[in-house]
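Residue numbers (my numbering), protein chains in the order written: chain A, 1 to 431; chain B, 1 to 379; chain C, 1 to 324.
In case anyone wonders, no lab produced these hints; they're calculated from the structure. Any given hint might turn out to be false.
[As the list claims (entries may be wrong)] Here are some chain B residues pointing at chain A (derived, C-beta under 10 Å):
no. : residue
1   : Q61
2   : L64
3   : K65
4   : Y67
5   : Q69
6   : G73
7   : F75
8   : L76
9   : D286
[Stated by the list, open to error] Listed next, the in silico DSS-like pairs over lysine-lysine satisfying Cα-Cα at most 27 Å (straight line):
no. : chain 1 : residue 1 : chain 2 : residue 2
10  : B       : K171      : C       : K47
11  : C       : K51       : B       : K262
12  : B       : K302      : B       : K319
13  : A       : K77       : B       : K302
14  : A       : K278      : A       : K316
15  : B       : K328      : B       : K65
16  : A       : K380      : A       : K249
17  : B       : K65       : A       : K28
No residue lacks a Cβ here, since even glycine has one placed at the ideal position from N, Cα and C.
Here is what each chain is made of, one letter per residue.
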Amino acid sequence: MPEITMPKLSDTMTEGTLLRWRKQKGDKVEVGDILAEVETDKATMEMESFEEGTLADIFVPEGGKVVVGAPLALVLKEGEKAGERSTGPKSAPAAPAVEAPASRPSVSNGRPLTPRARAAALRSGNGGGAGGNVNAGVRVKASPLARKIADARGVRLAGLQGTGPGGRIIAFDVENAPAGASSVSAPAGGSSPVAAILPTPIAGMSETRVPLSGMRRVIAERLLASKTQIPHFYLSIEIDAAPMMAFRKEYIEASGGKITFNDIALSAVARAAMQKPKVNAAFAGDAIIQYGSVNLSVAIAVEDGLVTPVIRDAQKLSLKEISAAVKDLALRARDKKLKPEEYAGGTITVSNLGSYGIEQFCAIVNPPQAAILAVGAIVKKPVVNSRDEIEIGHRMSITLSGDHRVVDGAVAAEYMGALRKLLESPALLLL
Amino acid sequence: MARTLSQPLKSNKTTVKKAVGSAVPKVSAPDFSKSPFNVSLKPEEKIAFLREMLRIRRFEQQALKYYNQGIMGGFLHLYIGQESVAVGTASLMNGHDEIITAYRDHGHALAVGMGMNECMAELFGKGTGCSKGKGGSMHFFAPDKHYWGGHGIVAGQTPLGLGLAFAIKYKGIKGCAVAFLGDGAVNQGVFSECLNMAALMELPVVFVIENNGYSMGTSLERSSAIRHSLASRAEGFDVDWSLCSGFDLYELRASLGDVMDKARTQCRPHVLEVSTYRYYGHSVADANAKKYRSPEEIELYKTEHDPITLWQNQLLAEKVITQEEVDKIDAEAKAEAASAAEFGINSPWPSEESIFEDIYHEVDHQTESGRTGRHFFSE
Amino acid sequence: MPLITYRQALNDAFAEELARDENVFLMGEEVAQYNGAYKVTEGLWEKFGSKRVIDTPISEAAFLGMGVGAAMMGLRPVVELMFWSFAYVGFDQIINNAGCIRYMSGGLINVPMVVRGPANGGTNVGATHSHTPENFLANTPGLKVVCPATPYDAKGLMISSIRDNDTVCFMENTLLYGDLGEVPDGAYTIPLGVAEVKREGIDVSLIAHGRAVLTCLAAAEILASEHGIEAEVVDLRSIRPLDEETILNSVAKTHRAVLVDENKPFCGVSSQIAALLAEHAFDDLDAPVLRVTALDAPAIYSMPLEKLQLPDAQAVVAKVLSSF
Chain A
1 MPEITMPKLS DTMTEGTLLR WRKQKGDKVE VGDILAEVET DKATMEMESF
51 EEGTLADIFV PEGGKVVVGA PLALVLKEGE KAGERSTGPK SAPAAPAVEA
101 PASRPSVSNG RPLTPRARAA ALRSGNGGGA GGNVNAGVRV KASPLARKIA
151 DARGVRLAGL QGTGPGGRII AFDVENAPAG ASSVSAPAGG SSPVAAILPT
201 PIAGMSETRV PLSGMRRVIA ERLLASKTQI PHFYLSIEID AAPMMAFRKE
251 YIEASGGKIT FNDIALSAVA RAAMQKPKVN AAFAGDAIIQ YGSVNLSVAI
301 AVEDGLVTPV IRDAQKLSLK EISAAVKDLA LRARDKKLKP EEYAGGTITV
351 SNLGSYGIEQ FCAIVNPPQA AILAVGAIVK KPVVNSRDEI EIGHRMSITL
401 SGDHRVVDGA VAAEYMGALR KLLESPALLL L
Chain B
1 MARTLSQPLK SNKTTVKKAV GSAVPKVSAP DFSKSPFNVS LKPEEKIAFL
51 REMLRIRRFE QQALKYYNQG IMGGFLHLYI GQESVAVGTA SLMNGHDEII
101 TAYRDHGHAL AVGMGMNECM AELFGKGTGC SKGKGGSMHF FAPDKHYWGG
151 HGIVAGQTPL GLGLAFAIKY KGIKGCAVAF LGDGAVNQGV FSECLNMAAL
201 MELPVVFVIE NNGYSMGTSL ERSSAIRHSL ASRAEGFDVD WSLCSGFDLY
251 ELRASLGDVM DKARTQCRPH VLEVSTYRYY GHSVADANAK KYRSPEEIEL
301 YKTEHDPITL WQNQLLAEKV ITQEEVDKID AEAKAEAASA AEFGINSPWP
351 SEESIFEDIY HEVDHQTESG RTGRHFFSE
Chain C
1 MPLITYRQAL NDAFAEELAR DENVFLMGEE VAQYNGAYKV TEGLWEKFGS
51 KRVIDTPISE AAFLGMGVGA AMMGLRPVVE LMFWSFAYVG FDQIINNAGC
101 IRYMSGGLIN VPMVVRGPAN GGTNVGATHS HTPENFLANT PGLKVVCPAT
151 PYDAKGLMIS SIRDNDTVCF MENTLLYGDL GEVPDGAYTI PLGVAEVKRE
201 GIDVSLIAHG RAVLTCLAAA EILASEHGIE AEVVDLRSIR PLDEETILNS
251 VAKTHRAVLV DENKPFCGVS SQIAALLAEH AFDDLDAPVL RVTALDAPAI
301 YSMPLEKLQL PDAQAVVAKV LSSF
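Turn these sequences into a full structure, and let the hints steer you where they fit.
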């Protein structure tokens, strides 16, 4: 039961107008007979029949415009009956779904950036990678090779004087860059970078030039950025460490497990941060982010630098668990076996130099976190007791360094109060 | 007018006047069936000619059907009405002869023995096509059958035909090259260059001008300045020429057989102008196929000069075939064409990798030379 | 090794191949009895006769096409264009026929033909005779394009081209025909698609083909002696197939590329190399890719101005210096 469809009468024809039927319903049709006149994109043409029989039905009236392949009429052979016919134009075969090619992942903070996000980051001058590439988003005129070398060595191109044509920074300039050039990170927001003050040779001085390791470069870059970009303020308290000492002794005797003063301090910092969540926060440009959980960054000294691996959900951990976590992190940090993700995601940091005999110090905020706590050694001091007598006391100093954009003095003070309460009544840490 | 043969054409009186000029070769009406090329034809050979012509026509009708459905790409230049020329020529090839033609090439392809399946699949752009879907309607080739295409640029194939003849002579083969062109192609400069070189180098080439009266949509009178024929242009190059009717297979075989023989044995080129007629437009996309010529003219050729009908009637008159046998052959041709269309439709598309195949021999065969350097520059 | 001219090196290649393979024949305007317009085929007609060394009329389209037809039948025509500029009247035969037939026949037909002749400016013959169509031809997948700079390369590449089963467009240079170079006796081949570092260097890569290679070598000497710059000179030798590896290796070493090209700048061979470097040598580049090409106007007749129009050593030196 042949259906007559709109023929393709030229190489460019996609639809045609049925101008005139030359055969009428019921007419006999032979192969080669002209059925109708069709207007194409080029001209009016005759539509020939490839079928023989009777023109049983006409679907498209004169003047109708239809796409190539759409049914126009029905020709039935002798004895044939009209069955079901498809109505309307045949749908074009669906174009094969084309899958977008997998984009090469660009990684920022462990998460791949989409090309769109990458482009947006580049437009906003934030190379899309915090950390990694020191030159991302920095618009300086440098050759591709110079950029490649600079990125590999952590050299900040913006601080270099290009010697290539038109002041272009070329590989030579990067390779001969003074050591200090690599320790600087361009400030966000496009303000002009702080020029590093570099050592000049000292007459008669023997010197050893130690090339910067990757870790030193990151430390240099991040802490310079922190100290120059974050408005720091400091609050110090001195707590009575006697209860803590007694608590530790009892704990060890009772459980047989060893805990350190640092473990106690970490536990207290985490729990206090849950009580006063405004310090457990970060500055995000147009907002402040308060975290719902405490991921404690712990500064651990390693050969040639320090690292700050993270104890996640520290507020939920028992003293014993915190102790175990810190021990594990410290061991693996010294063996350089920590995974990148173990450094990521901290919300507040503790640095403890008590074991070095440091009584009190101020730390640099570990961005993007809003606060870092510097914990000193427990020292014997003459103290005035509740009976107004001078006696030998045990004291520990703790200093909070805060990002004033996030935390104000009063807020930080409340936090320090909470911290003091926990450390001076350490049994609370067992709740 | 140009149509010097007995064809009833046309309205332009001035050209008619020209045509009856004294330079017109006298065409008596010899009995071509008695020509040495025809007299010993066996009945089965004559029937085979009919079968071949019917196969070509049914093949193209089938192709037209699918082209009109929009599932074939590009152009479709139909040979319908001219089938006798290709079939007659192929019937004269002796195994050492080579042929080449232009873009109206389906008839020649089938006549030399290419299969309907591979040809139809090529029209559908399928991987099973004779050119793996890379050539299309205008580019059929079968070098194993001495058929060198299938060429899209008007007259671009004529020097290739010269080259075929050159190679035949160079290799000392007793053959000839038959290069087809249309009446429009004679106006391309390269054809004139070929005539000169063919004469100068004494090459065994026969240029067959299939004169169907229309250079695309422009009639002969409007496209060619002529004295009395297109072939007679060869005169200026000292190349022999003659005319014949392509409607009668006997006449075509007699005339062409003669000049092919001369080319083979004497290494002399020849231009043979064959009068013929196409029922369809230049291509199927020819919107004015019935405007630059009258429907009556087309009808006249269909009814009075159809080479298949004429040959069929001839064979019936000679009683080498019965009407029933004719019908059977036609039915078989139709069935074969329909089956070829099925084959084409159901064949797979060429693979994506095949885009970069068949470009360089050395790359395809990974020879040493195909392995050095980059040959393709897309990713 | 014997010191012979570029012209003689080619002549030797033809003689070797004509003697080796009876399917090889030479054809072109005045290649036989006249001994060739530039005497490249001198003596070959006397030695091999009219069957193998064939004079043609001035009909480029017809004899190029005849070459294609003969090659389809298995012969190995070596077709001379008196000037490559004349190819333009036979472009249909080169592009549509030699370049596309293998593809359009689904691999059934090869066209093992060499089309050769001089392609260059610099001889004060005006625009119509000074074309360098290597870029047009290399733009056609199916064709190969070779541009030798030295007598040694000319012979080795010609023998490879004649033995190649695809159509090779072989571009010589009238200004080089008299150049002397060491060339071994007997047949040897240089594979198509293999560039050669003609001079080692560490500071900048000069990338060129054809006569521009010699321009680069001269420039490299000046750069070394007067500026302390060691330039590496990469001779492409073959445009298509293209030896990208050698180019990229050189640029990875020197970090600078100056492309020297007697082609015009717009969509010339150097444009393709520049695209290659942008794509695959981006991080190796310490300077933008620079080009010294023919000045972008039709070849001028006037002698001093035509000199100016083509790359010379001083222009290359200046361009190199501008990148440091």
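| field | Structure versus earlier hints - violations, ascending order | value | Per hint list: zero violations.
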